[in-house]
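K.L.:
Sequence:
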Amino acid sequence: MLKKLNRKIVLFPLATFFVITIIVLTAWQKALDSNQELVVENVLQNGKLISKEFRNIIKSDIARLENLKNRIEFTEGLYLNHWEKDASMLLEQNQSFKFLEWIDSSMVIKKIKPLKGNEEALNLNISEIEYRRDEWLKHSKDSSVNITPWAKLTQGGNTFLVDVPVYFQNKFQGTITGGMDFRENFNKLTKSLNNHFSIELYDHTNTLFYQLNKDNKL
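Residue 2 is where the sequence shown starts when you use the numbering used here, and the numbers rise one by one after that.
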(Lines of atoms letter the chains of each structure in order from A and count residues from 1; the text may use other names and numbers.)
(Lines give C-alpha, C1' and ligand atoms only; values in the text may rest on other atoms or scores of the structure.)
Protein backbone atom coordinates (compact mmCIF):
# COMPACT_ATOMS: atom_id res chain seq x y z
CA MET A 1 0.00 0.00 0.00
CA LEU A 2 2.80 2.37 0.91
CA LYS A 3 4.64 1.47 -2.26
CA LYS A 4 1.47 2.10 -4.25
CA LEU A 5 0.85 5.43 -2.52
CA ASN A 6 4.41 6.57 -3.09
CA ARG A 7 4.03 5.79 -6.75
CA LYS A 8 0.90 7.88 -6.93
CA ILE A 9 2.59 10.76 -5.17
CA VAL A 10 5.36 10.71 -7.75
CA LEU A 11 3.14 10.20 -10.77
CA PHE A 12 0.59 12.91 -10.05
CA PRO A 13 3.14 15.75 -9.89
CA LEU A 14 4.78 14.45 -13.09
CA ALA A 15 1.44 14.28 -14.85
CA THR A 16 0.57 17.75 -13.61
CA PHE A 17 3.95 19.05 -14.84
CA PHE A 18 3.40 17.65 -18.33
CA VAL A 19 -0.12 19.05 -18.50
CA ILE A 20 1.05 22.48 -17.35
CA THR A 21 4.00 22.33 -19.76
CA ILE A 22 1.72 21.44 -22.67
CA ILE A 23 -0.67 24.25 -21.73
CA VAL A 24 2.19 26.74 -21.40
CA LEU A 25 3.79 25.67 -24.68
CA THR A 26 0.45 25.83 -26.46
CA ALA A 27 -0.25 29.29 -25.05
CA TRP A 28 3.28 30.40 -25.99
CA GLN A 29 2.86 29.13 -29.55
CA LYS A 30 -0.47 30.95 -29.84
CA ALA A 31 1.19 34.10 -28.53
CA LEU A 32 3.96 33.71 -31.10
CA ASP A 33 1.44 33.18 -33.89
CA SER A 34 -0.57 36.16 -32.73
CA ASN A 35 2.56 38.29 -32.45
CA GLN A 36 3.65 37.18 -35.92
CA GLU A 37 0.29 38.24 -37.31
CA LEU A 38 0.64 41.62 -35.61
CA VAL A 39 4.14 42.05 -37.03
CA VAL A 40 2.98 41.18 -40.54
CA GLU A 41 -0.02 43.51 -40.24
CA ASN A 42 2.23 46.28 -38.92
CA VAL A 43 4.64 45.85 -41.83
CA LEU A 44 1.79 45.87 -44.36
CA GLN A 45 0.19 49.00 -42.89
CA ASN A 46 3.50 50.85 -42.68
CA GLY A 47 4.38 49.66 -46.17
CA LYS A 48 1.17 51.18 -47.52
CA LEU A 49 1.82 54.48 -45.75
CA ILE A 50 5.44 54.65 -46.91
CA SER A 51 4.46 53.75 -50.48
CA LYS A 52 1.88 56.53 -50.44
CA GLU A 53 4.50 59.03 -49.25
CA PHE A 54 6.92 57.89 -51.95
CA ARG A 55 4.22 58.41 -54.59
CA ASN A 56 3.47 61.86 -53.17
CA ILE A 57 7.15 62.81 -53.48
CA ILE A 58 7.23 61.69 -57.12
CA LYS A 59 3.97 63.49 -57.96
CA SER A 60 5.11 66.69 -56.25
CA ASP A 61 8.46 66.69 -58.03
CA ILE A 62 6.90 66.05 -61.45
CA ALA A 63 4.32 68.80 -60.79
CA ARG A 64 7.21 71.29 -60.66
CA LEU A 65 8.19 70.19 -64.15
CA GLU A 66 4.60 70.61 -65.33
CA ASN A 67 4.52 74.16 -63.91
CA LEU A 68 7.47 75.06 -66.13
CA LYS A 69 5.67 73.56 -69.11
CA ASN A 70 2.52 75.58 -68.30
CA ARG A 71 4.45 78.85 -68.32
CA ILE A 72 5.88 78.05 -71.75
CA GLU A 73 2.46 77.19 -73.15
CA PHE A 74 0.77 80.22 -71.56
CA THR A 75 3.26 82.56 -73.27
CA GLU A 76 2.97 80.73 -76.60
CA GLY A 77 6.61 79.71 -76.37
CA LEU A 78 8.08 83.11 -75.42
CA TYR A 79 8.99 81.88 -71.95
CA LEU A 80 11.18 79.22 -73.53
CA ASN A 81 13.77 81.94 -74.20
CA HIS A 82 14.11 82.46 -70.44
CA TRP A 83 13.62 78.92 -69.20
CA GLU A 84 17.27 78.62 -68.03
CA LYS A 85 16.53 80.86 -65.02
CA ASP A 86 13.62 78.68 -63.90
CA ALA A 87 15.65 75.57 -64.61
CA SER A 88 18.48 76.82 -62.39
CA MET A 89 16.07 77.60 -59.55
CA LEU A 90 14.47 74.18 -59.84
CA LEU A 91 17.85 72.45 -59.71
CA GLU A 92 18.84 74.45 -56.63
CA GLN A 93 15.58 73.95 -54.76
CA ASN A 94 14.90 70.27 -55.40
CA GLN A 95 17.50 67.51 -55.14
CA SER A 96 15.43 65.16 -57.28
CA PHE A 97 16.35 67.16 -60.39
CA LYS A 98 19.81 66.39 -61.78
CA PHE A 99 19.37 68.23 -65.09
CA LEU A 100 16.68 69.72 -67.33
CA GLU A 101 16.44 69.48 -71.11
CA TRP A 102 14.47 71.00 -73.93
CA ILE A 103 13.94 68.37 -76.61
CA ASP A 104 12.38 69.83 -79.75
CA SER A 105 9.84 68.14 -82.02
CA SER A 106 12.64 66.67 -84.16
CA MET A 107 13.74 64.72 -81.05
CA VAL A 108 17.00 66.64 -80.64
CA ILE A 109 18.16 67.92 -77.24
CA LYS A 110 18.52 71.65 -77.93
CA LYS A 111 19.01 72.94 -74.39
CA ILE A 112 20.35 71.38 -71.22
CA LYS A 113 20.90 72.78 -67.74
CA PRO A 114 23.46 72.48 -66.28
CA LEU A 115 25.63 72.10 -69.34
CA LYS A 116 28.71 71.17 -67.35
CA GLY A 117 28.90 67.41 -67.08
CA ASN A 118 26.14 66.96 -69.67
CA GLU A 119 27.98 68.15 -72.79
CA GLU A 120 27.66 64.76 -74.48
CA ALA A 121 23.87 64.96 -74.33
CA LEU A 122 23.58 68.38 -76.02
CA ASN A 123 22.33 68.05 -79.64
CA LEU A 124 21.81 64.33 -79.11
CA ASN A 125 19.08 62.87 -81.33
CA ILE A 126 17.08 60.62 -79.03
CA SER A 127 15.37 58.92 -81.99
CA GLU A 128 18.59 56.91 -82.21
CA ILE A 129 18.13 55.59 -78.67
CA GLU A 130 15.84 52.57 -78.81
CA TYR A 131 14.26 52.79 -75.36
CA ARG A 132 13.58 56.51 -75.83
CA ARG A 133 12.18 56.79 -79.35
CA ASP A 134 8.87 54.91 -79.30
CA GLU A 135 7.67 55.97 -75.85
CA TRP A 136 8.63 59.62 -76.44
CA LEU A 137 6.63 59.69 -79.69
CA LYS A 138 3.67 57.91 -78.12
CA HIS A 139 3.38 60.39 -75.24
CA SER A 140 3.96 63.39 -77.50
CA LYS A 141 0.77 62.47 -79.36
CA ASP A 142 -1.51 62.17 -76.33
CA SER A 143 0.24 64.91 -74.24
CA SER A 144 0.72 62.56 -71.27
CA VAL A 145 3.81 62.52 -69.06
CA ASN A 146 6.35 59.84 -69.92
CA ILE A 147 8.63 58.28 -67.29
CA THR A 148 11.42 56.04 -68.55
CA PRO A 149 12.88 53.09 -66.66
CA TRP A 150 15.87 53.74 -64.40
CA ALA A 151 18.24 54.48 -67.25
CA LYS A 152 21.98 54.64 -67.91
CA LEU A 153 22.72 58.02 -69.48
CA THR A 154 24.87 58.95 -72.47
CA GLN A 155 26.76 61.41 -70.25
CA GLY A 156 27.14 58.84 -67.45
CA GLY A 157 25.16 57.99 -64.34
CA ASN A 158 21.56 56.84 -63.98
CA THR A 159 18.26 58.70 -63.66
CA PHE A 160 14.63 58.49 -64.59
CA LEU A 161 13.92 60.68 -67.63
CA VAL A 162 10.58 62.45 -67.26
CA ASP A 163 9.16 63.96 -70.47
CA VAL A 164 6.41 66.58 -70.27
CA PRO A 165 5.01 67.40 -73.75
CA VAL A 166 4.67 71.10 -74.61
CA TYR A 167 2.09 72.47 -77.05
CA PHE A 168 1.75 76.01 -78.36
CA GLN A 169 0.70 77.60 -81.65
CA ASN A 170 -1.72 74.67 -81.91
CA LYS A 171 0.92 72.00 -82.32
CA PHE A 172 3.40 69.85 -80.46
CA GLN A 173 6.71 71.66 -80.00
CA GLY A 174 8.80 69.34 -77.86
CA THR A 175 9.24 68.23 -74.26
CA ILE A 176 10.59 69.67 -71.08
CA THR A 177 12.55 66.69 -69.81
CA GLY A 178 13.95 66.20 -66.34
CA GLY A 179 16.70 63.82 -65.37
CA MET A 180 15.34 62.79 -61.98
CA ASP A 181 16.70 60.80 -59.07
CA PHE A 182 14.23 60.67 -56.18
CA ARG A 183 16.52 58.88 -53.74
CA GLU A 184 17.67 61.94 -51.78
CA ASN A 185 14.08 62.97 -51.07
CA PHE A 186 13.24 59.35 -50.23
CA ASN A 187 16.10 59.32 -47.71
CA LYS A 188 14.68 62.39 -45.98
CA LEU A 189 11.37 60.58 -45.57
CA THR A 190 12.87 57.33 -44.29
CA LYS A 191 15.05 58.94 -41.60
CA SER A 192 12.11 58.66 -39.21
CA LEU A 193 11.94 54.87 -39.62
CA ASN A 194 14.99 54.36 -37.36
CA ASN A 195 16.22 51.33 -39.31
CA HIS A 196 13.07 49.37 -38.45
CA PHE A 197 12.28 48.49 -42.05
CA SER A 198 14.11 47.16 -45.08
CA ILE A 199 12.89 48.81 -48.29
CA GLU A 200 13.52 47.98 -51.94
CA LEU A 201 12.02 49.93 -54.84
CA TYR A 202 11.95 48.67 -58.43
CA ASP A 203 10.92 50.40 -61.64
CA HIS A 204 8.41 48.89 -64.08
CA THR A 205 11.17 46.81 -65.71
CA ASN A 206 12.01 45.26 -62.32
CA THR A 207 15.27 47.22 -62.01
CA LEU A 208 16.27 48.03 -58.42
CA PHE A 209 16.79 51.78 -57.97
CA TYR A 210 16.41 52.33 -54.22
CA GLN A 211 17.41 50.21 -51.25
CA LEU A 212 17.31 50.93 -47.52
CA ASN A 213 18.67 48.77 -44.70
CA LYS A 214 19.54 45.85 -46.95
CA ASP A 215 21.23 44.10 -44.00
CA ASN A 216 17.86 44.00 -42.21
CA LYS A 217 16.19 42.13 -45.04
CA LEU A 218 14.54 38.89 -43.93
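Hint data in this document are derived by calculation from the structure and do not stem from the laboratory. Because the structure is a prediction, the values reported are computed rather than measured. For every residue, glycine included, the Cβ atom is placed at its ideal position computed from N, Cα and C. Hints should not be assumed to be uniformly reliable.
[Unchecked claim] In silico PhoX-like cross-links for lysine-lysine, where the CA-CA straight-line distance does not exceed 20 Å:
| no. | residue 1 | residue 2 |
| --- | --- | --- |
| 1 | Lys139 | Lys117 |
| 2 | Lys142 | Lys189 |
| 3 | Lys99 | Lys153 |
| 4 | Lys99 | Lys117 |
| 5 | Lys70 | Lys117 |
| 6 | Lys99 | Lys112 |
| 7 | Lys153 | Lys117 |
| 8 | Lys70 | Lys86 |
[Unchecked claim] Cβ pair distances, simulated, as ranges:
| no. | residue 1 | residue 2 | range |
| --- | --- | --- | --- |
| 9 | Ser107 | Lys49 | 39 to 45 Å |
| 10 | Leu209 | Gln170 | 24 to 30 Å |
| 11 | Arg65 | His205 | 21 to 27 Å |
| 12 | Lys215 | Ser106 | 40 to 46 Å |
| 13 | Leu194 | Leu138 | 36 to 42 Å |
| 14 | Ser106 | Asn214 | 18 to 24 Å |
| 15 | Thr208 | Ser106 | 39 to 45 Å |
K.L.:
Confirm or reject each hint.
P.N.:
Against the structure, the hints come out as follows:
In summary, the hint linking Lys139 to Lys117 is not supported, as the alpha carbons are separated by about 30 Å, beyond the 20 Å threshold. Proximity of Lys142 to Lys189 is assessed by CA-CA distance (about 36 Å); at most 20 Å being required, the pair is judged violated. As the CA atoms of Lys99 and Lys153 are separated by approximately 13 Å, the hinted pair is consistent with the 20 Å bound. Our distance criterion of 20 Å between C-alpha atoms is met by Lys99 and Lys117, whose separation comes to about 12 Å.
This hinted pair does not check out: Lys70 and Lys117 have alpha carbons roughly 23 Å apart, beyond 20 Å. Of the supplied pair hints, the one linking Lys99 and Lys112 holds, its CA atoms being roughly 14 Å apart against a limit of 20 Å. With a CA separation close to 18 Å, the supplied pair Lys153 and Lys117 stays within the 20 Å bound. Using a Cα cut-off of 20 Å, the hinted pair Lys70 and Lys86 holds, with the two alpha carbons roughly 14 Å apart.
Between Ser107 and Lys49, the C-beta spacing of about 44 Å keeps the proposed range 39 to 45 Å intact. About 42 Å separates the C-beta atoms of Leu209 and Gln170, a value inconsistent with the hinted range of 24 to 30 Å. The hinted range of 21 to 27 Å is satisfied by Arg65 and His205, whose Cβ atoms lie roughly 22 Å apart. A hinted range of 40 to 46 Å holds for the C-beta pair Lys215 and Ser106, which are about 43 Å apart.
About 41 Å separates the C-beta atoms of Leu194 and Leu138, a value consistent with the hinted range of 36 to 42 Å. Separation of Ser106 from Asn214 is about 45 Å and departs from the stated range, judged on CB atoms against 18 to 24 Å. For the pair Thr208 and Ser106, the beta carbons lie near 29 Å from each other, so the given range of 39 to 45 Å is not met.
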